[in-house]
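Novice: Sequence:
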Amino acid sequence: MKTLVLVLCIAQSAISQRVCMDSRHHKTLPGPEDELHRECTPWKEEACCTGNTTHAIHNTVMYGISFDLCGPQMSAACKKHFHRDLCFYECEPNLRPWIVKVKRKFARERFLGVPLCQSDCDEWWNDCRRDWACVRNWPRELRWKNGTGTCPGPCVRFHELYRDASDFCSNVWDHSWKVVPDSEPCMRIWFDGSKGNPNKAVAEHYG
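Going letter by letter, the sequence shown gives residues -16 to -1, 1 to 191 in mature numbering (1 follows the signal peptide of the UniProt record, and there is no 0).
FYI, nobody ran anything at the bench for these hints, they're computed from the structure.
From the three backbone atoms N, C-alpha and C, an ideal C-beta is built for every residue, glycine too.
Mixed in with the good hints there might be a few duds.
Stated by the list, open to error - Result set (DSBU-like, lysine-lysine): computed pairs, CA atoms no more than 30 Å apart in a straight line:
no., residue 1, residue 2
1, K184, K162
2, K63, K179
3, K64, K179
4, K179, K87
5, K87, K64
6, K11, K162
7, K87, K63
8, K129, K11
9, K11, K85
10, K63, K11
11, K129, K184
12, K184, K64
13, K179, K11
14, K162, K64
15, K28, K129
16, K129, K179
17, K129, K64
18, K63, K129
19, K162, K28
Claimed, not checked - Derived CB-CB ranges, DEER-like:
no., residue 1, residue 2, range
20, E19, K162, 29 to 35 Å
21, K85, H42, 28 to 34 Å
22, H159, K179, 26 to 32 Å
The task is simple: from the sequences and hints, build the whole structure.
Specialist: Have a look at this one:
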């Protein structure tokens, strides 16, 4: 009997880690989605996003921040990582340990300090370091008018704004990410969905 209770408790704990944030595009509960688009497809088995949201990620300006706001178009290699980052934000159901309350027009919750694997951050940085940006902390330092972010000053290369990969990943989205060594339990911003979601075990570790 004790063994059964223990198994049920472990199962309930694992399930309870999987939630969707209270935000404009998030579903109420995670579940399967057959029509996820491009970089968001790894989450199709269990997602907090819908197919329509994932199409919007790849084809519209989300949350008033254009990746091409500096004039020169962001490189395809760099933009791929920002799309993956948005897919993670919209689709990932294993974020309970890092969800905090906020008061935003589009969200009542966000994630803060999620442990991001250093290798994922390095890949993102290496593909973006020669692209252009104008502020370090995009949500807080862009100039906002009618829901659209614009640059308050001149644009420079990413590598002139940020010291290194960790500085970039930690600051670009207002400390949503906390970069940690791959040897520690850490989240994957993108993964091979056919092998399951590795972030589930990480959330259970921290939860």
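Novice: Each hint needs a verdict: does it hold in this structure or not?
Specialist: A quick look at each hint next to the structure:
no.	hint	in the structure
1	K184 <-> K162	18 Å, holds
2	K63 <-> K179	25 Å, holds
3	K64 <-> K179	21 Å, holds
4	K179 <-> K87	36 Å, violated
5	K87 <-> K64	29 Å, holds
6	K11 <-> K162	25 Å, holds
7	K87 <-> K63	28 Å, holds
8	K129 <-> K11	28 Å, holds
9	K11 <-> K85	17 Å, holds
10	K63 <-> K11	25 Å, holds
11	K129 <-> K184	38 Å, violated
12	K184 <-> K64	23 Å, holds
13	K179 <-> K11	24 Å, holds
14	K162 <-> K64	20 Å, holds
15	K28 <-> K129	35 Å, violated
16	K129 <-> K179	43 Å, violated
17	K129 <-> K64	27 Å, holds
18	K63 <-> K129	24 Å, holds
19	K162 <-> K28	26 Å, holds
20	E19 <-> K162: 29 to 35 Å	32 Å, holds
21	K85 <-> H42: 28 to 34 Å	29 Å, holds
22	H159 <-> K179: 26 to 32 Å	29 Å, holds
When the structure is compared with the earlier hints, violations turn up for hints 4, 11, 15 and 16 and for no others.
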